[in-house]
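K.L.:
Chains as they are written, first to last, in numbering that gives the first Met the number 0: chain A, 0 to 250; chain B, 0 to 250; chain C, 0 to 250; chain D, 0 to 250.
Just so you know, the hints here were simulated from the structure itself, not pulled from any lab data.
Misleading hints may appear alongside valid ones.
All copies of an identical chain are treated as equivalent in the list; a pair is satisfied when it fits inside any one copy or across any two copies.
Unchecked claim - Cross-link-like lysine-lysine pairs, in silico, DSSO-like; alpha carbons within 27 angstroms at most:
hint: 1; residue 1: Lys112; residue 2: Lys2
hint: 2; residue 1: Lys141; residue 2: Lys45
hint: 3; residue 1: Lys70; residue 2: Lys2
hint: 4; residue 1: Lys141; residue 2: Lys39
hint: 5; residue 1: Lys229; residue 2: Lys150
hint: 6; residue 1: Lys8; residue 2: Lys141
hint: 7; residue 1: Lys127; residue 2: Lys39
hint: 8; residue 1: Lys13; residue 2: Lys63
hint: 9; residue 1: Lys8; residue 2: Lys39
hint: 10; residue 1: Lys2; residue 2: Lys111
hint: 11; residue 1: Lys62; residue 2: Lys127
hint: 12; residue 1: Lys176; residue 2: Lys2
hint: 13; residue 1: Lys63; residue 2: Lys127
hint: 14; residue 1: Lys232; residue 2: Lys63
hint: 15; residue 1: Lys229; residue 2: Lys10
hint: 16; residue 1: Lys62; residue 2: Lys141
hint: 17; residue 1: Lys218; residue 2: Lys202
hint: 18; residue 1: Lys79; residue 2: Lys10
Everything numeric in this text was worked out from a predicted model, so none of it was measured.
4 protein chains.
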Amino acid sequence: MEKTTIIEKKKHGKLRNPVMVTGLPGIGLVGQVAAKYMIKKMGGTKVAEVYSPHFPHQVLMSKKGGLRLLKNSIYLLKGKVRDLLVVIGDVQAVSSVGQYEVAETILDYCSKKGVSLMITIGGYSTGKVAENRRVFGSANNKRLMADFREKGIIFGETRGSIVGVAGLLPGLAALRKMDGICIMGETHGNYVDHTSARNVIEKLSELLGFEISLDELDKEAKGREKVIRKIEKEVEQQMSGPPKKDITYIR
Amino acid sequence: MEKTTIIEKKKHGKLRNPVMVTGLPGIGLVGQVAAKYMIKKMGGTKVAEVYSPHFPHQVLMSKKGGLRLLKNSIYLLKGKVRDLLVVIGDVQAVSSVGQYEVAETILDYCSKKGVSLMITIGGYSTGKVAENRRVFGSANNKRLMADFREKGIIFGETRGSIVGVAGLLPGLAALRKMDGICIMGETHGNYVDHTSARNVIEKLSELLGFEISLDELDKEAKGREKVIRKIEKEVEQQMSGPPKKDITYIR
Amino acid sequence: MEKTTIIEKKKHGKLRNPVMVTGLPGIGLVGQVAAKYMIKKMGGTKVAEVYSPHFPHQVLMSKKGGLRLLKNSIYLLKGKVRDLLVVIGDVQAVSSVGQYEVAETILDYCSKKGVSLMITIGGYSTGKVAENRRVFGSANNKRLMADFREKGIIFGETRGSIVGVAGLLPGLAALRKMDGICIMGETHGNYVDHTSARNVIEKLSELLGFEISLDELDKEAKGREKVIRKIEKEVEQQMSGPPKKDITYIR
Amino acid sequence: MEKTTIIEKKKHGKLRNPVMVTGLPGIGLVGQVAAKYMIKKMGGTKVAEVYSPHFPHQVLMSKKGGLRLLKNSIYLLKGKVRDLLVVIGDVQAVSSVGQYEVAETILDYCSKKGVSLMITIGGYSTGKVAENRRVFGSANNKRLMADFREKGIIFGETRGSIVGVAGLLPGLAALRKMDGICIMGETHGNYVDHTSARNVIEKLSELLGFEISLDELDKEAKGREKVIRKIEKEVEQQMSGPPKKDITYIR
Numbered sequence: 000m001e002k003t004t005i006i007e008k009k010k011h012g013k014l015r016n017p018v019m020v021t022g023l024p025g026i027g028l029v030g031q032v033a034a035k036y037m038i039k040k041m042g043g044t045k046v047a048e049v050y051s052p053h054f055p056h057q058v059l060m061s062k063k064g065g066l067r068l069l070k071n072s073i074y075l076l077k078g079k080v081r082d083l084l085v086v087i088g089d090v091q092a093v094s095s096v097g098q099y100e101v102a103e104t105i106l107d108y109c110s111k112k113g114v115s116l117m118i119t120i121g122g123y124s125t126g127k128v129a130e131n132r133r134v135f136g137s138a139n140n141k142r143l144m145a146d147f148r149e150k151g152i153i154f155g156e157t158r159g160s161i162v163g164v165a166g167l168l169p170g171l172a173a174l175r176k177m178d179g180i181c182i183m184g185e186t187h188g189n190y191v192d193h194t195s196a197r198n199v200i201e202k203l204s205e206l207l208g209f210e211i212s213l214d215e216l217d218k219e220a221k222g223r224e225k226v227i228r229k230i231e232k233e234v235e236q237q238m239s240g241p242p243k244k245d246i247t248y249i250r
Numbered sequence: 000m001e002k003t004t005i006i007e008k009k010k011h012g013k014l015r016n017p018v019m020v021t022g023l024p025g026i027g028l029v030g031q032v033a034a035k036y037m038i039k040k041m042g043g044t045k046v047a048e049v050y051s052p053h054f055p056h057q058v059l060m061s062k063k064g065g066l067r068l069l070k071n072s073i074y075l076l077k078g079k080v081r082d083l084l085v086v087i088g089d090v091q092a093v094s095s096v097g098q099y100e101v102a103e104t105i106l107d108y109c110s111k112k113g114v115s116l117m118i119t120i121g122g123y124s125t126g127k128v129a130e131n132r133r134v135f136g137s138a139n140n141k142r143l144m145a146d147f148r149e150k151g152i153i154f155g156e157t158r159g160s161i162v163g164v165a166g167l168l169p170g171l172a173a174l175r176k177m178d179g180i181c182i183m184g185e186t187h188g189n190y191v192d193h194t195s196a197r198n199v200i201e202k203l204s205e206l207l208g209f210e211i212s213l214d215e216l217d218k219e220a221k222g223r224e225k226v227i228r229k230i231e232k233e234v235e236q237q238m239s240g241p242p243k244k245d246i247t248y249i250r
Numbered sequence: 000m001e002k003t004t005i006i007e008k009k010k011h012g013k014l015r016n017p018v019m020v021t022g023l024p025g026i027g028l029v030g031q032v033a034a035k036y037m038i039k040k041m042g043g044t045k046v047a048e049v050y051s052p053h054f055p056h057q058v059l060m061s062k063k064g065g066l067r068l069l070k071n072s073i074y075l076l077k078g079k080v081r082d083l084l085v086v087i088g089d090v091q092a093v094s095s096v097g098q099y100e101v102a103e104t105i106l107d108y109c110s111k112k113g114v115s116l117m118i119t120i121g122g123y124s125t126g127k128v129a130e131n132r133r134v135f136g137s138a139n140n141k142r143l144m145a146d147f148r149e150k151g152i153i154f155g156e157t158r159g160s161i162v163g164v165a166g167l168l169p170g171l172a173a174l175r176k177m178d179g180i181c182i183m184g185e186t187h188g189n190y191v192d193h194t195s196a197r198n199v200i201e202k203l204s205e206l207l208g209f210e211i212s213l214d215e216l217d218k219e220a221k222g223r224e225k226v227i228r229k230i231e232k233e234v235e236q237q238m239s240g241p242p243k244k245d246i247t248y249i250r
Numbered sequence: 000m001e002k003t004t005i006i007e008k009k010k011h012g013k014l015r016n017p018v019m020v021t022g023l024p025g026i027g028l029v030g031q032v033a034a035k036y037m038i039k040k041m042g043g044t045k046v047a048e049v050y051s052p053h054f055p056h057q058v059l060m061s062k063k064g065g066l067r068l069l070k071n072s073i074y075l076l077k078g079k080v081r082d083l084l085v086v087i088g089d090v091q092a093v094s095s096v097g098q099y100e101v102a103e104t105i106l107d108y109c110s111k112k113g114v115s116l117m118i119t120i121g122g123y124s125t126g127k128v129a130e131n132r133r134v135f136g137s138a139n140n141k142r143l144m145a146d147f148r149e150k151g152i153i154f155g156e157t158r159g160s161i162v163g164v165a166g167l168l169p170g171l172a173a174l175r176k177m178d179g180i181c182i183m184g185e186t187h188g189n190y191v192d193h194t195s196a197r198n199v200i201e202k203l204s205e206l207l208g209f210e211i212s213l214d215e216l217d218k219e220a221k222g223r224e225k226v227i228r229k230i231e232k233e234v235e236q237q238m239s240g241p242p243k244k245d246i247t248y249i250r
């Protein structure tokens, strides 16, 4: 394997107006949690695997005694009106050149499969544990932006840059005249954020017309939310020093 | 995109004795400020974009909700006697191999367009806020040096090396028997320097025979100059310790 | 040498059902010690050398005044029932891309030679000096796992990832439908571990049906074992602080 | 320039049994000082230049206002019995892959020119300012070693590895069945060492049968020797603490 390579694992019939959805490791693991949950709940079939010499030179050991290369995997999910190709994975490439190569390889695959819309899921870090976490978007063309704004995605409130595959895929898609958008769940940034992932999936289900039960994720999110808020409270107290009463006591 | 790629964005007629002028991020942002101002004032048309897997693996988000790859852009500016191809950009390549590749790709483009002179704009850091900031040059052949010295560019007063595209373009141009020169505005090095950029543009307009109003840049430069001098004064005071009076007071 | 290259050094007849065994520098040097001992005791013949521009840019000087490139070497060992191709070497490649390239080059060589099973030897670090050090395995398919478990290799008790050639070879072998397994000797991690290497060789001789005297390695292992236990004891004492008596004395 | 490239600068007649001598920046600058002195004194003609995208992405400015790429240069020196191709240069490649590529490119050039012996000059650091600095060798085959030992080069007293072109050239030469040797001048390691360079040239002139006046280098060496010994003395005193007398004085 000299170059990033996609190996098709399972044949499938003609795809119905397919859209790619990518959720790789990144801020708050929002993309990864969302994509994995979708695959689990919607019964995805693995159709392809992505290998790259730009991934770290390691293999993962399983609990049963197996080992396997680091990889990204592509699952086919049958939606109500259109099919989804969902990418999840262990890692992203370690160098800039590697990141571009992996993104281009995925785009080549998408072109071949007739994908006309690339959606990447990411987290947008605000450093706060917001009560109602918003879902932001950043798109590679105005028509797409107008389209998704209409459906409730918030544009123009994010700043800076999107690092890695979540940014490169829609960025490079533009050079191929392909629609590309990064959907970002608002998140603190220091915590794995199931609540944010939940909000992103909810929006995606509306945008792409698929049905999914969020119950299990809601439950998981609620449990974690308590822990996050507890930690945040402790951090806050430590940073603001002891309350006045204590000072009196020390005297 | 496996390699650095130039995508032509707009057709244009035959160019009149074109010269390339490059102003990418570097010392004091002298090159970037100068090139951007020239494009703005002279009404440049974007004719090409440069993309590279050697640029950082990020996309930039715009205020309106758009995203785009990091890139360099080439603008066509119609001068009075000759045409200018002006390069600006977000970044430079992250590795040595990448820097050479980007520079060679730009040179290939220039050869194709009939460019015979490569000018790069940079800053030359002196660590001082000079009253009258000079404009230095360093050229890839003696004839060019003589030519530009005659027109008021100062040669032989700069030392050391020029890092990045500002140096590689004229350096690699020599291997193609193409004229190449780096024009450096004297600058402190710690500040964005509009005054230095102004001086460089003034010289360039004489050298290349184009007209440009410097009023707006002059105004911006004056405002910033005040701030820079104020900061410098404070730094100086801090480094020279408290004034004598204070010492007395401490006693 | 633009790419990793294997240079054949000696012709050999048809190999009998050959298996590759790799012991390169890694945790506790378990693989390296084991592979070198096997070559020494079983009278291996060097049949090939592996060179790579991804190895460090150095040459080694010998005691006699010679110099040579860093390399991996492949030895042919004639077992009772099948032949062994044993890889040892000075180094592993310095980058991820280099590691993949070296592993693929070795796999190409193995395919050509009719190798159907890739065994890599490594150390599995536990941070303890265990009395009876176990021999673990992690395989690239279930059949192989069942096979080797039957013969006493322990599966499913190792966690995390295997870094470098020891992991990549069986990992990449899977993509070629080739059997691959990493045999790991339990080891502390901070010491060169001859005892662990000994245990691995013992298992391998059973698995692959070759005979080897372990006497010399046993002797070496016993000597080193004493030193290791002494150091460990000292470390333990230092970390647990002074004994009670001393505390009394300080009072 | 995608790859390391040699550009021939001047035609020359048939070479008489040519030998390559390389003196690039390294330990004590022994190789660089020696090679530059040889070119200066023996009247070398520059016959080729080596450029590489693996050199740092910088150009050097000259005192007169010129700029040029970083490069290595090859000079032709006419000896009494055989011709010398001497390599000097600003830098070595920044990565392992780059180092191998530059070395292979130089070897290709040598093969074309009929070179049968590669000599690289380096420094061998001992951490001491030896009175009589020896000249060591490390060769890529036994015959060469025997040959050079007879002529007074010391073998078998150096340990460890030779980093960079000084090691790779003779190391890679072996794969081409070409003779290669690194001649190392004994040196402290912290200082530019003209005395060591002098000793190496003296040996080379005997080995390769060329005449060269060492007077100028001797003079330079003597001057620097005084400075080095003075610094060493001061360092020694600082590290051994104040002498007893001083302690009394402080009381």
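K.L.:
Now, for every hint given, state plainly whether the structure supports it.
P.N.:
Going down the list of hints, with the structure as the test:
no.	hint	result
1	Lys112 <-> Lys2	both (20 angstroms within a copy, 24 angstroms between copies)
2	Lys141 <-> Lys45	between (33 angstroms within a copy, 19 angstroms between copies)
3	Lys70 <-> Lys2	both (13 angstroms within a copy, 24 angstroms between copies)
4	Lys141 <-> Lys39	between (33 angstroms within a copy, 24 angstroms between copies)
5	Lys229 <-> Lys150	neither (34 angstroms within a copy, 50 angstroms between copies)
6	Lys8 <-> Lys141	between (36 angstroms within a copy, 18 angstroms between copies)
7	Lys127 <-> Lys39	neither (29 angstroms within a copy, 39 angstroms between copies)
8	Lys13 <-> Lys63	neither (36 angstroms within a copy, 37 angstroms between copies)
9	Lys8 <-> Lys39	within (18 angstroms within a copy, 44 angstroms between copies)
10	Lys2 <-> Lys111	both (18 angstroms within a copy, 22 angstroms between copies)
11	Lys62 <-> Lys127	between (36 angstroms within a copy, 21 angstroms between copies)
12	Lys176 <-> Lys2	both (24 angstroms within a copy, 19 angstroms between copies)
13	Lys63 <-> Lys127	between (39 angstroms within a copy, 23 angstroms between copies)
14	Lys232 <-> Lys63	neither (40 angstroms within a copy, 35 angstroms between copies)
15	Lys229 <-> Lys10	neither (48 angstroms within a copy, 61 angstroms between copies)
16	Lys62 <-> Lys141	between (47 angstroms within a copy, 13 angstroms between copies)
17	Lys218 <-> Lys202	within (18 angstroms within a copy, 48 angstroms between copies)
18	Lys79 <-> Lys10	within (20 angstroms within a copy, 45 angstroms between copies)
The structure shown violates the earlier hints numbered 5, 7, 8, 14 and 15.
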